[in-house]
Amino acid sequence: MAARYEAMTRELLEKHGVRVRKWRSTMSGVAWCVEYRDGRRVRLIEAPRPTGPMSAAVFCHEIGHHAIGFNVYKPRCLEEYHAWAWALREMESRGLNVTEKVRQRMRKSLEYAVAKSLRRGIKSLPAEMEPYIEGAQRYLR
272 MAARYEAMTR ELLEKHGVRV RKWRSTMSGV AWCVEYRDGR RVRLIEAPRP
322 TGPMSAAVFC HEIGHHAIGF NVYKPRCLEE YHAWAWALRE MESRGLNVTE
372 KVRQRMRKSL EYAVAKSLRR GIKSLPAEME PYIEGAQRYL R
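Quick note on this note's numbering: the sequence shown kicks off at 272 and runs consecutively.
These aren't lab readings, by the way, just hints derived from the structure by calculation. Honestly, I wouldn't trust all of these hints.
In silico BS3-like links for lysine-lysine, alpha-carbon gap of 25 angstroms or less [stated by the list, open to error]: (1) K394 x K372; (2) K379 x K345; (3) K345 x K387; (4) K345 x K394.
Note that the coordinates shown come from a computational prediction; the quantities given were computed from them, not determined experimentally.
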């Protein structure tokens, strides 16, 4: 499995032109893009090195932000939804195990994103986010 995770990591970084700024020791990540005055764009992530289903999911989620494009989906919670959906599709297409814990992590992440949107006063949530509204309540207390 280690070789499969390593191959996936190399392929996705190369395919999407992403550079890892830092391999994180925690199951968290961030993706961003730096645009220079001369027009160059540098795509960066911080994520755990994929060694199992959860670290692979977090890594793929961060790559997913670059794959789907930043600011393509509004509001931000919808971008999170599409990055997670992309990540799970990518793992499944490669025959990697998407465990129940990975699916729970996706759900909690999206519930948190919905709660954040609600706290910030969003007028209406996209239909894709409706399944996460009830669970978002735990983050609003």
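Proposed proximity, K372 with K394 (alpha carbon, max 25 angstroms) = Given that 25 angstroms is the threshold and the Cα spacing comes to 31 angstroms, the pair is violated.
Given the hinted pair K345 and K394, is their alpha-carbon gap at most 25 angstroms?
-> holds, 12 angstroms
Hinted pair K379 and K345, Cα distance within 25 angstroms | Holds, at about 20 angstroms.
With a cut-off of 25 angstroms on the C-alpha distance, tell me whether K345 and K387 pass.
-> holds, 14 angstroms
In this structure, the one hint that does not hold is number 1.
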